[in-house]
Each structure stands twice: as C-alpha cells, then as structure tokens.
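> Let the sequences and hints guide you as you build the complete structure.
Every position in the sequence shown, counted from 1, becomes a number in the working numbering once 1347 is added.
In case anyone wonders, no lab produced these hints; they're calculated from the structure.
We put the CB at the ideal spot given by N, CA and C, even for glycine.
Just so you know, not all the hints are guaranteed correct.
Stated by the list, open to error - The calculated label-pair distances, taken between Cβ atoms and stated as ranges, are: (1) Tyr-1364 - Ile-1481: 28 to 36 Å; (2) Gly-1504 - Ser-1432: 21 to 29 Å; (3) Leu-1430 - Ala-1529: 46 to 54 Å; (4) Thr-1363 - Asp-1530: 18 to 26 Å; (5) Pro-1375 - Pro-1470: 20 to 28 Å; (6) Lys-1374 - Leu-1430: 43 to 51 Å; (7) Leu-1532 - Ala-1366: 21 to 29 Å; (8) Ser-1358 - Pro-1470: 33 to 41 Å.
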Amino acid sequence: MIEAYSWIVTSEEKATYLAEAMATALKPLVQGRKSGNSTCFNWDKTGHIKKQWKIQVEKKNKARATSTGFPGNCNRCGKFGHLASKCKSRCSKDGKQSTNGGCAMAQMHPQNQVASWTSSATPGSAGVDVETAIEVNLNDTDVQVVPSTANGPLEHGLSALQIGRTSTSKQGLFVLPGLIDADYLGNIGIMVQTL
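Listed below in structure tokens is the structure:
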C-alpha cells in the first residue's frame, strides 16, 4: 500500500508519522516470529514445511483433474486442469500478451501519474493498492523484491510509504515497509517475505 504525505508540513511531523506507520506495519511480522503458529501462505495451514507442498500440489491437481475432466496443463497459460480453448487467462505462460486481450500484469504505467497506477482491492479499501508486474511464486523465507506496475518519480512534492495489508500478513505474506522518495527514478519494487 502506498500513502501520499503531501499534507504533512514539517519534516519532524513526517518522520513521526512514518515511524508510527512502520511500527504498526512491523508489529505482525515481529509477533508472527515469536508465536511459531504462522500459517503457510500457500495452503493456510500451520505446522507443515515446504517439502510437503509437492504432495499437496499433486493431491490438488488430481482432484482438479477429476472435476474438470482434463488431467494436464494448459498450452496457453501453463496452469493445470483446463484446455487452452477454455483458458480465461489474459497472459501467456511467458507473461506476454495473449490474443484474447491485454495482459494487465505485464503493462507498466506511465510516470508522474500516481492515480493511474493505484487501485482499490475491495470497494471499501483506501484505493492505493499497487499491483505486481509479474506473477510470483514465493517458496522460501528470503526477502524478495518483486517489480510493481508503478514507476518513479512520484508527482511533485509527494513521498510514499509502502506497507502490506493485515489480511495478507495473517496468511504469512509480509510486505516489508519502504519509503519512496519523490525523486526516486525507476520501478518501485515490492519487498516481500513469507514465513
């Protein structure tokens, strides 16, 4: 999530506000490590390890094959359980635009238009969500930087704080907080970590 702080006048107020926001964002991450009851982001279960994912995927694919009637991968998107003729994906498996429409995940938004690359995840949300530019599989607990659809610099006089949602933190996916300066050039990456 990115919030604009153009309404803050002094640097001291801005530093205080950002420190409070970062403390709030880091609290679930710190508490999750202490409790030991973190749920797996992929399966929403406690107490299993990454090695068991292959077994779970095989079971899931068998169940999906019997329900869809197709026991293989789609030739278009690469996902399991449907034919290419019934594929609803807007991107091919290599991330390029498919013939049935634009690939929103691979498009980068123009610079200096914050409103053009922020959206609402739900009707009642803040309307400042940023999408990833690529599909990502997170398999370990290392911090990974995922490219977003947002590019700097921000609009004149704006700074931004990137933080994750509580709902994803509860599932074991943590967006590490980051401050984006107004004059930052390049793609705004999203730092993520799983537990």
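> Next step is simple, just say for each hint if it's right about the structure.
Cross-check of the supplied hints:
no.: 1; hint: Tyr-1364 - Ile-1481: 28 to 36 Å; in the structure: holds (32 Å)
no.: 2; hint: Gly-1504 - Ser-1432: 21 to 29 Å; in the structure: violated (51 Å)
no.: 3; hint: Leu-1430 - Ala-1529: 46 to 54 Å; in the structure: holds (48 Å)
no.: 4; hint: Thr-1363 - Asp-1530: 18 to 26 Å; in the structure: holds (22 Å)
no.: 5; hint: Pro-1375 - Pro-1470: 20 to 28 Å; in the structure: holds (24 Å)
no.: 6; hint: Lys-1374 - Leu-1430: 43 to 51 Å; in the structure: holds (46 Å)
no.: 7; hint: Leu-1532 - Ala-1366: 21 to 29 Å; in the structure: holds (26 Å)
no.: 8; hint: Ser-1358 - Pro-1470: 33 to 41 Å; in the structure: holds (36 Å)
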